[in-house]
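Protein chains in written order, with our numbering: chain W, 1 to 97; chain F, 98 to 621; chain Z, 622 to 1125; chain D, 1126 to 1846.
Everything labelled a hint here was simulated from the structure, so no lab data went into it.
Predicted model only: the values in this text are computed from it and were never measured.
Virtual Cβ for every residue (Gly too), placed ideally from N, Cα, C.
Be aware that one or more of the hints could be misleading.
[To be verified] Partner residues aside, some chain D positions facing chain W, computed with beta carbon under 10 Å:
#  : residue
1  : W1815
2  : S1818
3  : L1819
4  : Q1821
5  : G1823
6  : A1825
7  : N1826
8  : T1827
9  : A1829
10 : F1830
11 : L1832
[To be verified] The list that follows gives simulated cross-link-like pairs (lysine-lysine, DSS-like), each with its CA atoms no further than 25 Å apart:
#  : chain 1 : residue 1 : chain 2 : residue 2
12 : F       : K216      : Z       : K729
13 : Z       : K1061     : F       : K212
14 : Z       : K729      : W       : K85
15 : F       : K542      : D       : K1279
16 : F       : K408      : D       : K1792
[What the hints assert, rightly or not] Distance ranges between label pairs, derived from CB positions:
#  : chain 1 : residue 1 : chain 2 : residue 2 : range
17 : F       : T309      : Z       : D625      : 33 to 43 Å
18 : D       : F1845     : Z       : L1093     : 48 to 58 Å
19 : D       : S1181     : F       : E262      : 25 to 35 Å
20 : D       : A1384     : F       : T599      : 29 to 39 Å
21 : W       : D90       : F       : V122      : 55 to 65 Å
22 : F       : T599      : Z       : S922      : 56 to 66 Å
23 : F       : K212      : D       : H1532     : 42 to 52 Å
24 : D       : G1369     : F       : E262      : 56 to 66 Å
25 : W       : L8        : Z       : N830      : 40 to 50 Å
26 : Z       : D1065     : D       : R1174     : 29 to 39 Å
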Amino acid sequence: MLAYALLLSAALFVIGTLGVIVRRNAIIIFLSIELQLNAVNLAFVALSRYTGIEGQLFVFFVMTVAAAEAAVGLAIIISIFRHYKTVNVDRFNLLKW
Amino acid sequence: MTDFIASIPALYEDWVLHALLWLPVAGLFHVMAAAEDRAKHIAFSWSGTVFVLSLGLWWSFDPGGGGFAMQSSTPWIESWGVSYALGLDGISVFMVMLTTLTTPIAILGSFEYIKTRRKAFYALMLLLQTGVVGVFLATDIFLFYVFFELTLIPMYFIVGIWGGERRIYAAVKFFLYTAVGSLLMLVAILYIYFSSGSGSFSYEAFLGADLTMREQLWLFAAFALAFGIKVPIFPLHTWLPDAHVEAPTPGSVILASLLLKMGTYGFLRFLLPFFPGAAQHPTVVAVMLVLGVAGIIYAAWVAAVQPDAKKLVAYTSVAHMGFVVIGVFALTVNGLQGGLVVMISHGISTGALFLLLGMMYERRHTRRIEDFGGIGRVAPFFATAFVITALASIGLPGTSGFIGEFLALIGTFETHAVTAIIAATGVIFAAYYMLPMVQRVLFNKLDKPENRTFADLSRRECVVLGPLVALMIWIGVHPAPFLRRMEPSVQVVLERVEEARTVLFDGASDPGAGLAPRPAGEEE
Amino acid sequence: MLLDYTSSFHYVMALLPEVVLSCWGMVILIMGVVRKDGGGRGQETGWMAVAGLALAAVANGWLYSGVAEDGASAMIAVDRFRLFANWIFILAAALSIVISLAYVTRQKLQAGEYYSLILFATVGMMVMASARDLMVIFLGLELMSIGVYALVGFNRRDRRSAEAGLKYFLLGAFATGFLLFGIALIYGAAGSTNIQMIASAIGAGTTANQLLVPGIALLAIGFGFKVAAVPFHMWTPDVYEGAPTPVTAFMAAAVKAAAFVAFLRVFVVGLEGVYGQWWPILYWLAAITMVVGNVVALAQSNVKRMLAYSSIAHGGYLLVALVAGNDTAVASLLFYLLVYTIMTIAAFAVVVTVGGQSEGNSRIEDYAGLGWRRPVLGVFMTVFLLSLAGFPGTAGFIAKYQLLLGAAEARLWWLSVVLVLTTVVSYWYYLRVAWYMWMKEGDDTAAAIASSADPPFATHAVLVLSAGLIILGGIFPETVLDLAYGSVEGLRLLVAGASQALVP
Amino acid sequence: MGFAASVPGPHLPVQEVAQWEPVLPGLIILLPLLGFVVNGVLALRSAARSSAALRSGTEWDPFAGPARPRTHTLPTWVGPGVMFVAFVLALWNFAGMYGAELHDPVVVRYWTWIVTGNLQIDAAIQLDQLSMIMMLVVTGVGFLIHVFSVGYMKDDTGYPRYFAYLNLFVFFMLVLVMGAGYAMMFIGWEGVGLCSYLLIGYWFTDREKSDAGKKAFIVNRIGDLGFLLAMFLLFQAFGTLDFGPVFEGAEGRLAAGGATVTAITLLLMLGAAGKSAQVPLHVWLPDAMAGPTPVSALIHAATMVTAGVYMVARSSVLYALAPTSQAVVAGVGVLTALLAATIALQQHDIKKVLAYSTVSQLGFMFLGAGVGAFTAAIFHLMTHAFFKALLFLGAGAVIHAMHHALHRADSHEDAQDMRNMGGLKDRMRITWVVMWVATLAIAGIWPLAGFFSKDEIIWYTAAWAGAPSNPFGTLYTVYWLVALVTAMLTAFYMTRLMVMTFHGESRVERNARPHLHEAPRVMWVPLAILAVLSVFGGWVNVPEPLAESFLGLFGALPMSEWLHHWLEPVTHDAAAIQTAALGEPAYGAPLVGGGEFAWALASTLAAAVVVLAALRALGGRKYVAAARDTAAPGGLRGILANKWYFDEVFDAGIVRPVLAASRWCWKVVDAVLIDGFVNFVGNFTRLAGWTVSLFQTGQANTYAFVLTLGVLLVLGAAVFL
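This is chain W alone, in the form it adopts within the complex:
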């Protein structure tokens, strides 16, 4: 049972990872990352069945952190949008090599 849950979590995580790699829109990338975090949350919840209640507790921490991250992240995205009028990450390559 646990294995299935973990596999599902891993699958979600991989999807998130692929999203980060292939998508160009900063917001979508960010959402893919959120997907990864939620995949982990799923793993925590599944594991907590075997290890104790802390697992479910951690999910709240992660959610809180993710929210904070979202706040800062979106601010940054807005800030760069002001310069480029786009959030397409392959446009942002002033810094390279």
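Given chain W's structure and the hints, the job is docking chains F, Z and D onto it.
Using the frame of chain W, we list chains F, Z and D on its own:
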């Protein structure tokens, strides 16, 4: 009062090494604080003072049984077993004195050559002196390493700032080349540190490390690379011509006289005593001898066809140091002593040659041999000094060069006759590279108008060259006082090699044999 | 004072530096809102922040000198390892703030937010250093990261800053995902996120290895990202180059230090029992990081970016200490971080000064002839570079030497050889700055840059202090070295005590 | 730790037990050194004045003023003066030694020169019969040549420098002959080489002359290499380089005819061949004629070039132990004698003829030393010093006169080319006479010095050829025949020289003729003294078989076999060894028989016939002046005129290949291979850095991708490995 006078010698022995080491640093601060055009005089006075102080070593140094004299040791980084330990023995005493002599001479020789940024220059020269003296005085491996590396920085800047056209290339090449070796040596040092198990970086502790043959060979390779680059041994020498050509005169002088000696000094001080087994391993000996001989012949040949006088002399350094290498790895008293004398002699004569070439450059702003000719007519004193120095460099009997090469060769012949025979052809090739240069510079027709105004030696330049020329002849005529002072220490090195032969090669392994007891009363 | 956690007051005491700094950060934030910037106001706010750091340092010192721990708090360590690390963070933050003072005013940044973000990020680092629980580490890490994300993109008027911020944020969050996943797996394997519980579970052999091993790997990746280990380093050069220079300094020094400290506690303490499982990973990471960091730095013509690669390389050196994992190595990691903090921030201070108004003057050509035109800057920069290169006479040498000592003790000979050879490579690019400063004359642009590169008093003070410390540390390192060694004892001792207390 | 000087102070001279106290022997060496110092200071002062003038655009003529400057007058007294005192001292010591009937050498030690664990070399001098003879020759002939130089060089601006070099040379030469061991000898050995270098290139602004000096030095160094290696072997065999222990221990430590002693002696021979211009290392000596003529007389005829002979004689014990080496020495000697004599036939430069004549005579000496006739070799060395010095100085007088005359006539003809001379006998009577004396002496005409010495060498070759157990008997016979032929050639080319120079019609440029006149007294007096010595010098060693015959004036010649007895203490060990090994020398010549008297008589008659025939044959011949003599001689004459192409062969076989190899080492090995590798490592690293930095695209997606790749790698490694 008489008590006080009677106590002077003991007092002198107590502080002289520290004074030699740190007075240049004091001078450095003085130079930095002084006005730009006073810098050279201040630097000269400080280094001159150090030289005068070091003269006392001639009398107060007691070769004794070949161990360290005037030892002192103060804990420095106790958690690592590092101490500030200085000492002097027959191997280092002349290296120290050579340093204290060469530095003021190089400084004096740079009075006209260095026209810009003089404060910085003289400060770096004094820093360099501290570094070199430290290398020769340190009896703690960590301390040694610090000084060994420390010498790179001032030299890097001296070459890079006051050098010629390709100075940056030369400076960086010099720096990286030597750094590769010394950093690998650092790893080897740590290996011995842990093998010795004494938790100390003192020289004695390292001597006590019990190393298997296999370990010795690896560590030997690391040390030999570090010192071999410094020496430089063929084919690790290509940094040298570049560095020499680009360096300003005083830089070349210090480089040739002192920095190269750090490599061969390392052979005698560390390589043989630490790895006596590897040092007499037939393959190792064969490799080192072949490289030494190759250096002698090859460098002589390459030197002979150089159009640039400074480059020519740079290559001759490689040839000379080849004699040291074969002398050392002959593992005979004569070879080792000969190597030491070659080191001293090369320091004096090549230093003087670089000074002379510097004077040529100051007058004519060229170093190409073909731009000269007939200088002997317009500058007789210059020519005289040049000829004497050149003759000392090619090892004419009666000059210091002969004593060293003769002993090195005879020592090599005792154990490796064929090597010595091939190496001895170096005496022919020495004439082959040096005489044409002497001829093309000093002799031949004075056919270039700009050479007609070539000024003879000034009084200052006479003072610069005088002591060097005198030393070349003194050592050539009466080297015994030098040889007597170094012999006991050389014997100590050889005895260690000898011991290892019985332990490693005759199968009689005694694990406790290598552990030298720590000398009592190290703390002062 | 003895902390036995019988009263909740003890918990506050155990977290005193963090508490002090958090409160102070809020005060600064409020100051920034209440007071309008302009004139010397921003600078005052900055000095206020420094004062807060000083208070935190006092609190830290109090913990260091007089406090013993009895029993374990499970999540927060009161050991000298943490406290020593705290000093590094405080020092890094303080130095970064001081070199920011003129910068913030010049670039018209909001001082209140800026300084308070630094303070909050510092709190995050402190939490990471003190954490004895993976979850706390995660929280500390995020607290630090979020603050730094904002700081990197702080100069909103600058495209590069914004771009750096975005990259850092996206990739940072991405890497955090891996870290978190690793935490989850280890939690599943060991049944706890507490480092001591994990250690004892591993010791007892009751872990699920099919979860543990990938968990360790993912954890290594997560930390690897923060310490900029190759191949998780891709963000580093861009972010370091784009971020406001004082922030780059802060990141290079403090963020890296925090990540390493947590990394070390998790792996060397928590996962000690499965050393065989993780050392090869870190071994190769260390080797590749050293090589890539140093080699790519050769190709850089921008000093700031070069220092970024150099920072990657230093991360590689520090990874060697992690691989070695013995007491000497742990001490050397702390000592190295301390020294690295000083020298890298000081070097960035010079970059800030030379960078000028537009912050664009960080091409290496801009440094041509700087040494002769601005001898003070030149000499100090040379000292910092030599120290970064690990040259004798500087603290950088002592630090690198200790690192090697640790590696040698662990008999990591090949890694040591890689370390020294890549060090040789690094000489080239450090010396290149020196040769531009001293051996090239420089054109008019360089002359103009040099004439405007007049460090303000505060920066000057940082330079003098740093150079002094670096040279002093190179000659008389004993005191600080002993502190570093002392910090290790704490780390090991408490582990033993705690696992007894915790294992039922 | 004591503050005591642990090293003893300077050593006082320590003398070994001796029957006889030498008188200030060190001073004999020191005096020329003193002269060098004084003259050297003067030379520097005068050079400083002339260079100062040169820098300001003028020339300083020291002879322009009413009185010569002191720098150009003092050397006149200092240079020859120290030589005179040294000669007197040497004579005094000779008298002492003569009276003492010394058997063992007297060794005077001054200080310890080199001392290491197992090697000690003292700065010590050895006085015995051999070194005494050499000292007398060096100081005596040296003094005469110094005096001659006063006249010859008086108008040279470098006058003090000249005397400084000359004094320095004598100093080193005395070290060479007086040194008490091979190491000391080597100091002198290289020292005289140095002075030779300096003096050949004395007119250093002339490219050819300084080239010649350089060539002399380098070729000599090839020989010195042999000397060095021989010393190494000696040290290995004996643990010392002092003559005493080496010669005393030689028989015990070295197997007779063994590899070691043969190697030692052959290597010494190499050294000797370099210094004494034996084939194939003779190439430097003819070039060395670039130096001032008195230098040629002193260094390249009388003293330095004979150092090799001295060394072989000194090492007689070692050579006696190595018959193979002896055969080689003798063979090289006789070959040199023949080749040089043939070359001399076709030379036009008066000094070149004399140079090849010297090489040839040195060959005779080597022949003598090689066959074990060490006394004969030294004897010939001595007489050769007299008549060859005389010949050179005479030639110097001729050149001096020619130069002066041509200079007056503003002619640029070559003052040394015999084709430009002719008929000088009327204008230079004294020179003509003394030159004839010397010519007859070298030709071996009884009763002049050369007759006795050369004849003894030839005779001993024959005698040892017939020794019963000589393995090289046949070879020696060949040597003997060649030597006889060469002796005839000598007579011929010397007569040719005399004819071309002094006889026949004058080919001197017409305007110059009135200015030709005899050399001043300061020059001809030494010539006269040397002429006397060339006449009577041979009487010190009239062989027994001749003494009682009319060739010895029926015993009326004084001092019969005196030199033989005098050198007995030095050579008897060698003689004993040789006799033991080869048997007694034969009493008759090989092939045809006949005793020493018969052959001596025959050879002097033959020589006389050759001289007379040559006089007749060449006397009437018309020579063309050099400028008009454009026809290149062909055939054998061409080969001879081109000196058997030695220089060309060396040039193509050694000099060029070494130069090419040097260039190759520099341009290819050093610059491309080694430095190329070094730079490649550096550039490769930088290139690698640049390449890797290209992955840093600036694209966040790329970064994420690389990161993920890393994740996969790490995960894979962790899970699967």
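Hint check:
1. W1815: 9 Å, holds
2. S1818: Since chain W brings a Cβ to about 5 Å from D:S1818, closer than 10 Å, the hint holds.
3. L1819: 7 Å, holds
4. Q1821: 5 Å, holds
5. G1823: 3 Å, holds
6. A1825: OK, holds: D:A1825 within 10 Å of chain W, min 4 Å.
7. N1826: 6 Å, holds
8. T1827: 9 Å, holds
9. A1829: Cβ of D:A1829 sits 5 Å from chain W, so the hint holds.
10. F1830: Hint on D:F1830: holds, closest Cβ of chain W at ~5 Å, below 10 Å.
11. L1832: 9 Å, holds
12. F:K216 <-> Z:K729: Status violated; Cα separation ~41 Å.
13. Z:K1061 <-> F:K212: With a Cα-Cα distance of about 17 Å, the restraint between Z:K1061 and F:K212 holds, given a limit of 25 Å.
14. Z:K729 <-> W:K85: With a Cα-Cα distance of about 23 Å, the restraint between Z:K729 and W:K85 holds, given a limit of 25 Å.
15. F:K542 <-> D:K1279: The given pair, whose Cα atoms are some 23 Å apart, holds under the 25 Å limit.
16. F:K408 <-> D:K1792: 14 Å, holds
17. F:T309 <-> Z:D625: 33 to 43 Å: 53 Å, violated
18. D:F1845 <-> Z:L1093: 48 to 58 Å: This hint holds: roughly 49 Å between Cβ atoms.
19. D:S1181 <-> F:E262: 25 to 35 Å: Once the Cβ atoms are compared, 33 Å apart, the range 25 to 35 Å for F:E262 and D:S1181 holds.
20. D:A1384 <-> F:T599: 29 to 39 Å: The hinted range 29 to 39 Å holds for D:A1384 and F:T599, with Cβ atoms some 31 Å apart.
21. W:D90 <-> F:V122: 55 to 65 Å: Holds - the Cβ-Cβ distance for W:D90 and F:V122, about 57 Å, lies within 55 to 65 Å.
22. F:T599 <-> Z:S922: 56 to 66 Å: 60 Å, holds
23. F:K212 <-> D:H1532: 42 to 52 Å: At 49 Å between Cβs, range holds.
24. D:G1369 <-> F:E262: 56 to 66 Å: With a Cβ separation near 60 Å, D:G1369 and F:E262 satisfy 56 to 66 Å, so the hint holds.
25. W:L8 <-> Z:N830: 40 to 50 Å: 21 Å, violated
26. Z:D1065 <-> D:R1174: 29 to 39 Å: Distance hint for Z:D1065, D:R1174 is violated at roughly 53 Å.
When held up to the earlier numbered hints, the structure conflicts with 12, 17, 25 and 26 and fits the remainder.
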